[in-house]
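*Asks:* Construct the entire structure; sequences and hints are all you get.
As a plain string of letters, each chain reads:
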Amino acid sequence: MALKTNILFPRRVGMPEGDPANTHDLLTPEELESRGILFTSLDKLFRWGTGWSLWPLQFGLACCAIEMICTTQTRFDMSRFGFEVFRNSPRQADVMLVAGTITEKMRPSVELLYHQMPEPKWVIAIGSCAISGGPFVDSYAVVAGADKVVPVDVYIPGCPPRPEAIIDGMLQLKAKLRHPERQKVVRDVK
Amino acid sequence: MNTETNKQGRYSEVYQLNFGPQHPSTHGVLHMLVEMDGETCIGVDTKIGYLHRGMEKLLESRTYLQGLPYTDRLDYLAGVNNNLPYVLAVEKLLGVEVPARASLLRMLTCEIMRLASYMVGVGIYIMDLGAVSGVFYPFQEREYALDCMSALCGARMTQSYIRYGGVQADINEEFDVAYQKLVAETPRFIEMYHKLVDENEIFLRRTKGIGVISAEDAMDYALTGPNLRASGVDYDLRRDAPYCLYDRFKIEVPVLTAGDCYARYVQRMLEVEKIFQLIKEIYAALKEEPAGEIMAKIPKVLKPAAGEAYAQTENPKGIMGCLVASEGKLNPLRVHFRRPSFDNIAIFEKIMPGHKVADLVSIIASFDIVLGEIDG
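As you go down the protein sequences, you meet chains A and B in turn.
The first sequence begins at 0 in numbering that gives the first Met the number 0 and counts up one residue at a time.
The second sequence begins at 0 in numbering that gives the first Met the number 0 and counts up one residue at a time.
Hints are computed from structural coordinates only; laboratory data are not their basis.
Fair warning: there could be bad hints in the mix.
Far from chain B by the CB rule (all over 12 Å, computed), these chain A residues [stated by the list, open to error]:
no.	residue
1	26
2	50
3	85
4	104
5	119
6	120
7	177
One side only, chain A facing chain B, incomplete, derived with CB under 7 Å [stated by the list, open to error]:
no.	residue
8	57
9	61
10	62
11	73
12	100
13	138
14	139
15	140
16	141
17	144
18	147
Covered stretches of chain B (in silico footprint by chain A; criterion: 3 or more residues with CB under 8 Å from a CB of chain A, positions within the stretch not fixed) [claimed, not checked]:
no.	stretch
19	43-52
20	64-78
21	126-140
22	154-167
As the structure is a prediction and not an experimental result, all values here were calculated from the model.
The beta carbon of each residue, even a glycine, is placed where N, CA and C say it ideally should be.
*Replies:* Listed below in structure tokens is the structure:
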């Protein structure tokens with residue numbers, strides 16, 4: 000159905016004097032929003048869309064991977080936030096969840112998987128092993144933290160973290176995507 | 000289909016296929032180098048160590064109490080079941096008598112986590128064969144089991160609930176509520192899951208007659224746990240060499256003879272029923288047991304006498320053994336684990352040749368392996 004009135008210029012009745020820019024009949028952004036029209040930049044729109052459709056790489060290393068699977072299952076249900084499309088191929092994924100201990104033998108594979116993912120891409124380190132090596136930090140075979148191998152965006156503490164914490168971490172990544180100017184986590188504490 | 004063979008009697012040039020370490024159906028980071036003739040596997044080289052964290056070496060530099068939480072991270076699907084052999088071995092060195100109530104609590108938690116572990120084993124198996132809906136129900140059931148553990152000791156997966164000389168906490172009201180939920184849901188789940196999976200045509204085609212293990216082979220390759228019992232060997236440590244207070248209960252052990260992938264699935268589902276019965280019996284016994292100590296008197300600083308002790312338990316994946324050698328110092332001289340998944344996968348190179356690639360997925364999944372345990 001075609002609109003009969005021009006919703007951008009509904010009050011156009013004629014050009015008054017003293018308004019050379021001719022802005023008197025434009026609606027304010029608030030008025031436009033109430034009519035279902037938004038002004039934004041393409042960059043903002045892209046970031047908003049990406050935040051709702053992150054595709055994680057299905058990539059489990061150790062214990063935390065089991066809690067990661069639990070998060071996608073019925074009780075915690077990550078798909079409420081749009082994160083449930085786990086891809087088996089790194090070429091289709093944009094978030095890498097490092098869930099578990101990275102060992103020296105696994106290190107080249109993790110690095111390769113990261114480089115195989117297309118830009119833009121993000122990394123979440125789940126659990127103390129991926130943060131710093133955790134209880135295995137002084138082992139001869141363990142890489143002390145995922146950030147020694149790939150750049151990490153969000154760290155989720157726990158050994159292993161509960162599924163609620165993993166969901167919170169994913170939401171933090173979403174906040175980071177939408178507000179890249181923020182340097183720190185901003186929480187609404189009531 | 001091409002039926003002509005070349006000079007070597009092959010259908011095609013032999014090539015190698017890398018299976019893993021990042022592959023959705025290798026249950027983590029198992030890597031297999033498969034030699035292929037066309038689509039048929041003619042040889043398998045299993046490469047492990049992608050999750051090797053040097054657990055046994057680390058335990059040598061930790062005190063006994065510091066070392067206990069590491070055992071949870073071996074077979075992380077059933078944390079308390081791994082605590083048990085280590086604790087039992089150290090208790091042998093200490094010469095501690097564990098209170099009956101603590102023993103019952105140990106058994107109760109072990110059986111609950113065994114149920115949870117079987118749920119993952121069955122659910123992931125069905126998912127690896129392509130039935131995504133088959134994984135939701137076992138994981139929902141597993142959540143009820145984890146709720147019990149969460150109410151009891153606060154942790155979902157890596158509990159470290161079993162301590163030297165006893166257990167961490169006694170059952171509470173919150174546990175009772177979670178337990179009643181588990182008891183109410185499990186029979187419903189078992190009945191529903193049998194209807195969902197057992198006679199599915201695709202499932203039958205992909206599992207029946209695949210990866211057959213004879214009883215002799217199973218014993219030669221030291222298989223243990225459900226994989227052994229599915230091949231017709233009637234052996235369960237809980238009944239044949241009881242530890243804790245398992246001799247108080249009548250342990251029923253289902254045994255199947257087919258030894259194929261389907262038998263291993265059915266074996267797990269049958270055992271789930273028996274585990275559920277056992278959980279109810281142990282809980283009833285625990286309620287009759289008078290309230291009392293759940294920890295034996297042990298010194299604050301553990302210094303077991305010099306010597307060696309070995310203890311073994313029946314874990315969800317098979318027999319878990321633990322050897323602890325002590326010099327009478329604060330930390331053990333040597334700790335070694337007999338890790339069931341590690342011994343179970345040795346038979347892959349025997350049974351896999353002759354199968355197609357899709358069947359390899361079925362065989363790996365039917366063994367219910369855990370990489371944390373294989374690599375240590």
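*Asks:* Take the hints in turn and mark each one as holding or not.
*Replies:* Going through the hints against the structure:
No beta-carbon of chain B is positioned within 12 Å of the beta-carbon of residue 26 of chain A; the least distance is around 48 Å. Against chain B, the non-interface label of residue 50 of chain A holds: every CB pair exceeds 12 Å, the least being about 25 Å. At roughly 8 Å, the least C-beta separation between residue 85 of chain A and chain B is not larger than 12 Å, which violates its mark as non-interface. Listed as a non-interface residue, residue 104 of chain A fails to keep its Cβ farther than 12 Å from every Cβ of chain B; the least gap is roughly 5 Å.
Residue 119 of chain A, annotated as away from the interface, keeps every beta carbon of chain B farther than 12 Å; the closest lies near 21 Å. A cut-off of 12 Å between C-beta atoms confirms that residue 120 of chain A is not in contact with chain B; the least separation is 16 Å. Listed as outside the interface, residue 177 of chain A is consistent with that label: its C-beta sits roughly 30 Å from the nearest C-beta of chain B, beyond the 12 Å cut-off. Taking 7 Å as the C-beta contact cut-off toward chain B, the hint placing residue 57 of chain A at the interface holds, the least distance being around 5 Å.
Because the smallest distance between the Cβ of residue 61 of chain A and any Cβ of chain B comes to about 6 Å, under 7 Å, the interface hint for this residue holds. Using the Cβ-Cβ criterion of 7 Å, the hint placing residue 62 of chain A at the interface with chain B is satisfied: the shortest such distance is roughly 4 Å. At a threshold of 7 Å, the smallest CB-CB gap from residue 73 of chain A to chain B is about 5 Å, leaving the interface hint in force. The closest approach between the C-beta of residue 100 of chain A and any C-beta of chain B is roughly 6 Å, which is under the 7 Å cut-off, so the hint is satisfied.
Proximity of residue 138 of chain A to chain B holds as hinted, the smallest CB-CB distance being about 4 Å (cut-off 7 Å). Restraint check, residue 139 of chain A versus chain B: the minimum CB separation of about 5 Å is within 7 Å; hint holds. With a least beta-carbon distance of about 5 Å to chain B, the hint placing residue 140 of chain A at the interface is held under the 7 Å criterion. Interface restraint check for residue 141 of chain A: the shortest CB-CB distance to chain B comes to about 5 Å, inside 7 Å, so the restraint holds.
Violation of the interface hint for residue 144 of chain A is found here, the shortest Cβ-Cβ separation to chain B being roughly 14 Å, above the 7 Å cut-off. Because the beta carbon of residue 147 of chain A sits about 15 Å from the nearest beta carbon in chain B, more than 7 Å, this interface hint is broken. Residue count for the stretch 43-52 of chain B with a Cβ under 8 Å from a Cβ of chain A: 5. That meets the three needed, and the coverage hint holds. Counting residues of the stretch 64-78 of chain B whose beta carbon lies closer than 8 Å to any beta carbon of chain A gives 5, which meets the minimum of three for the stated coverage.
Counting residues of the stretch 126-140 of chain B whose beta carbon lies closer than 8 Å to any beta carbon of chain A gives 4, which meets the minimum of three for the stated coverage. A count of 3 residues in the stretch 154-167 of chain B with a Cβ less than 8 Å from any Cβ of chain A is obtained; the coverage claim is therefore met, three being the minimum.
Violated hints for the displayed structure, listed by number in ascending order: 3, 4, 17 and 18.
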